[in-house]
Every structure is written in structure tokens, then in C-alpha cells.
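Colleague: My request is simple: use the sequences and hints to build the entire structure.
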Amino acid sequence: MLEARQLTKKYNDATALNAVSFTVNPGEIFCLLGANGAGKTTTINLFLNFIQPTSGEVLINGVSVPANPVETKKHLTYIPENLTLYPNLSGIENLDYFAGLSGKKYSKENLQIFLTEAGLQTEAQSKRVSTYSKGMRQKVGIALALAKDAKVLLLDEPTSGLDPKASNEFSELLTRLSKKGVATLMATHDLFRAKETGTHIGIMKQGVLVEQLTTDQINHTDLEKLYLKHMN
Amino acid sequence: MFTSSRYEWISLLRDKWVVALVIIFFSITFFAVRNGHEKVQERTQSIEEVKTATAQAEKKYTNDIDSLSRGLKSAPEPWLDPRSLSVYGQRAGRVVAMDAEPLALIATGQSDLYTHTVKPKLYGEANALGFSELSNPVQLMFGTFDLAFVCIYLLPLLVLAFSYNLLSADKESGVLRLTVSQPVSMYQWLFNKLLVRFVVLALIIILSILISLLMFGVPVEVGVMKLLVLVLIYTLFWFAVAFLINLFGASSGNNAIALVSVWVVLVLLIPAFISQSANTLYPVPSRINMIHQYRVAEAESNKKASELLDGYLRDHPELASQDSTQKNQYSFWLKYFASVEVIQAAVKPVVSEYDAALEEQQHWVNQWRVLSPAVLMQNSLNELAGTSTGHYQNFRKQVLVFSEAWRSYFTPRMFKNERMQPEDIANLPQPGYSATQVTTHYTTDLIGLFVFVAVALGGSVLAYRRFVHTGLVIA
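Line by line, the protein sequences are chains A and B.
Heads up: the first sequence begins at 1 in the numbering used here, then just goes up one per residue.
Heads up: the second sequence begins at 1001 in the numbering used here, then just goes up one per residue.
One or more of the hints may lead you astray.
Claimed, not checked - Just so you have them, the derived chain A footprint on chain B, three or more residues with Cβ under 8 Å:
#1 1004-1010
#2 1176-1182
What the hints assert, rightly or not - Going by beta-carbon spacing under 8 Å, a handful of chain B positions derived as facing chain A:
#3 Arg-1014
#4 Asp-1015
#5 Ser-1173
#6 Ser-1185
The set of hints was computed from the structure by calculation and includes no laboratory data.
We put the beta carbon where it would ideally sit given N, CA and C, even for glycine.
Modeller: In C-alpha cells:
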């Protein structure tokens, strides 16, 4: 579903990403670990066509992203680290707006069902987003994934700054989505969440994907040791 | 796209921007139209006063001639006798008036600088120098607070305030990241946002202008439609500029600075430059110099008036009196006319230099007005209002034609030593002024504005390719 082939991104002389290759299949949650500046966000930006690769290929559902930037976004939902919505509109209206940009039109009842499914309390749904916490805004993001019937989820440190309960709820939502066959790529610093929620783990260092493994191959302690070994 | 337009509209409403804009724009439009209306009233009133006074004088002279010719009244002194052609021609002149056009209140134009009534007489400096009391005929800009000022100067600022952060605000708040991750062309999305704002502002403009004009009794006719079309295209141009600048992906602050700079260049600097260069390249001869030359020629000719009359009669044998035994009662004036002809010939180079300079300036401004949409607008609005330089130059021409007709009615008869008879009054030349002779440039100005819109939109396509495609808008 998500595929990077020898993906390289250079800024003048600096190499942000060097020959990174991996695949995320439907139902998998691929967690990218690594220090700040290791290339996690660059990788996600390449899947979104926010930037174009210097060389290599980046594919969603077998379709090249730079060649088909609009087409490849149809089944994709992106939740940035700090998901911002239109503060003057309510949760329902924001969802309607962004689903509308993807060409989806739902009744108010359906929109409410998506928001409830994403865990947003009913009474908050018609309030303006300016009153929302970060966790609530991210739930609107998940509701958007449901409304778009997204096959791909791109997450950039979604749980940073969330309290443990909200973080736990978020992980549960991800697990539920992956059971529906969604392929998820998530950049994170949270080793615990990565091991708990993820199916695959990739460790990045200075633009290189130095380690790829499945979460059932390793326990928490060993994952931390492996991570620190690469960082030092 | 319908959903996004709807939410754009909802957001605008909740932002209270639209309400503020309605209040601001309607107030200044109303105030401007009121100002224009007052000016036009003053003008109409002064024309009426002159017309009334002239009509009264005419009536009085007609009655006097009637009574005198029927012997009901004793004849006054010869220099007061209305039956004398020289007295009638001088004192009972007719008024050529430049009445205000229906839309005169939208643009003051040149109406501050020129007179709207002229009363050509039989003799006097006025025939030669007339009413050319202007120092800077290309004073295109910096008029009063009229509708043209509101539309040309203030409206762009409102448009810019309304759209300078169309893209940058979303980028700065972060919501753009979510928008860009949707399967939609950014160009189309932004254009759509812009279009919603344009439609909203267009409705505010149309309603404000129509209501203000109707309140001051201007009939909604073709002229008003032409005015609205101009203003809307001009507004569209400023939206397109805001669109273009937004696509460069800079911060809101930088966008604001860039847009205000564009405004300063297009609305202030280029018009000032065109106006200044016209004055520098084609300077109008000093009026003082003109009067001086006139006086010198006058003094010169007075010295040899009799010789001049002989020469004059040689040039105009048809005017020579058949009956040489009778003394012509107008001999003083005839000598004077002969000298006037000489004086006019002497001043002619200066006058025609003046006319030529005016024409050249006009031509220059016409040619270079395409450099700025503000000048195109000012030109067309002045023309719609009937207050353009062209209108006043044309009025001057029509006055001169009438002035000539008035004198040629009297002069030959004075040579024949005739007097005014009651039945002559009906045959006097009648003054008239019509604005329809003025060539206007509405279509070319409109095309010019469209070209500006096309350039801004074309630029936006290029900017989009360069900046959005390379990801600079996001990264």
C-alpha cells in the first residue's frame, strides 16, 4: 500500500534521506523511530508530495506520488503533530469541509457518527474548534480518515503532548483502523506506543533506515537497547 | 467545491469581517456621493443664476427695443441705446452653459478648475483668451473625496485588507497542512476562496453604489451599469494581485508590505509620473506671458488704429460702406475690430502654442494611461461624469464657435450702419452645448483593465508552478 524505493532527498549538499526502502501493507502499522532530524518527517512529507524526492520512488497503492499528487491523496489521511482546524467552525463543520475537499458529501447524522466513532463526545461536536484540546482535534482527524474511507494513514508524532489516557485512546483507534485494513505510517518518539500499537518498526539515523523489524520479534527492553545502540 | 465555498462564506460571516466591510464601504460611498451631489448642485445653481440673469437682460432689451421703435419711450444716450448693435451685442450676450451630466457626481474631475458658463460678447479680451484660466490641466489625481476617489484609492486597500493573508493565514495557523493533504488542486482551492470573497465584496459594492446613487436621485441607466462594470473589473484586478502575492508563499506581514507597495506604485507613483512627465515634456505657456503679449499688441495697434481700419477694409471689401456720404455711427468700434484682428494675429502663436501643448499633454496622458489601472479608471470615470479634460476642451471649442457666430452676426451689420430691430431678436444665433461630440475611451479603458487582470492571473499561474510545486508553501 505504502512503498518507498531507494528514496533519497538532498538539500543542496545536505542529505536528508538516503536510499530508504520499506513497504507498509494493508493492516500494518509501521512506526518510524529516530532522533529529531533523522528524516522521519521528510519521509512523511514525501508521501504527501509536500516535497519531491531527489531520486528513488515513493508510491501509494502502486501509484507514484510526485507524478499523481492529487490522485494519491484520495485515500490518504494525514494527521500532523499539531492538527489545526478552522477555529471558527465546529467539529462537524470542519469534518464536512475537509471531507468535502475530498469529494465526499455526508448528512449531518453521518458526520456525527464518524466523530462519535472517533471518540469525540457528542456535546463537543457542534462546538467551535477554538475550544478543542489537541486530543479532540486529532479525533476530528481520525473521523476524517473514517469519512474519507482512507486506506492510508500518515501520522507525524501524533501522541506527543497527549496525556496517557488520550494517548491510549488514540492507539486503540489506530488498532481499530488497522483491523479494517488501513496501512499506517507513523513517526514517533514513543518507544512504548510503537511496540504496543505498531506491527513493524524502522529505526532511522541521519537519513538512513538502519533497522527494520516486526514488533513480535522484540520486547520493550530489547527495543530500547537497540534504539540507544543506534543513537550512540 | 460547493461545500468549501459555503464554509468560506460561513467563516467570513463569523469573522465579522463582512459586517465591518458593509458598514465601512457603504458609509464612505454614501459620503462620497453626497459630496459629489453637493458639488453638482453648486454647479447647477451657478449655471441657473447666470441663465436667469441673462434671460432677464434679454427680456429687458427686447422690451426696450420694442418700445423705442414704436416711439413709446424717449431714446437714451447713444451708448446706452439697445437698438445700437454695439450695445446689444455687448450687453445682451447669450450664455453657453455646460450642464452637469447625470453622473457628474461620481467624479469631480476637472470641474474644480474650469468655469461652466461663458457669455461671449462682441468685443473684449475674453474673445481671444477666453476662460483658459488653468495652470495644470493634467491634474489627474488628488481630487476631492468623490466616488471616483473611493473606488480608485480606497477600494483597493479594502480588497487588500480582505485578502492579503488568504493563504498565509492558513499556513501560519497550520491548517494548510491538512488542506494540502486533501486530493484537491491548491490553485483551484485558493482561487475558489478568492472568488467567494470577490463575490461578497462585489455585492457590497453594487448595493452600496446603487443605493447611494438612488438616494441622490441618479437614474439607473446605462451610465451606472458602465460605472459598476468598471469598478468590478478594477476590484477583480486587485483580488488577482492579492492572489498572485499570496502564491509566493511569504508570511502575512510580507504579503501586506508587498501589496501596499504594489498599490503605491500603481495608484500613486505611476499616475504622478505620467502627470509630471506631461508637464515637463509639453509645458503650457505661462498665462501671464500670454496676457502681456496681448497687452503689448493692443497698445501697439491703438496707436495706428486708422491705418489698421483701412487695411481691414482692404481685406474685407464686402464690409466697406456703400454710402460713403453717411458717417458710420459705429466707426469707433469698427476701428476697434480692425485692431482686434491685428492683436489676435499677434497673440495667435502663443494661443496656439497653448492649445497645442494642451493637446500634446492630453495625447501623452492618453497614451500612457495604460501603465496604471488607476489612471484608466480615473479617465473613464471622468468621462462618464462628463468632467474629463476632453469635455472641457470640447466645451471651450463649442464656446469659441458660438462666440464667432455671435460676432459675425453683428460686425457686418455694423459696417452697414444698421440698428437692432424688434424682429432681429428671433434671428440671433442661439448658443448650444452638447457633450455628445466628446470622444470617450470607455471600451479601451475596459480592455486595458481586463489586460491587467489577465496579467495578474497569468503571473499567478507561474507563481503557483514555481512555489507551490516545489513545496515551499509547506516546508
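Colleague: Against each hint, give a clear statement of whether it holds in the structure.
Modeller: Taking the hints in turn, this is what the structure says about them:
Closer than 8 Å: that is the beta-carbon criterion, and the segment 1004-1010 of chain B has 3 residues meeting it against chain A, so the requirement of 3 holds. Under the rule that three or more residues need a Cβ within less than 8 Å of chain A, the assignment of the segment 1176-1182 of chain B holds, with 6 such residues. Because the closest C-beta pair between B:Arg-1014 and chain A is about 4 Å apart, less than 8 Å, the hint holds. Contact between B:Asp-1015 and chain A, as hinted, is supported at the beta carbon level, the nearest pair being about 6 Å apart and thus within 8 Å.
Interface hint at B:Ser-1173: satisfied, since its Cβ lies 5 Å from the closest Cβ of chain A, which is below the 8 Å cut-off. Taken as an interface hint, B:Ser-1185 checks out: its beta carbon lies about 6 Å from the nearest beta carbon of chain A, inside 8 Å.
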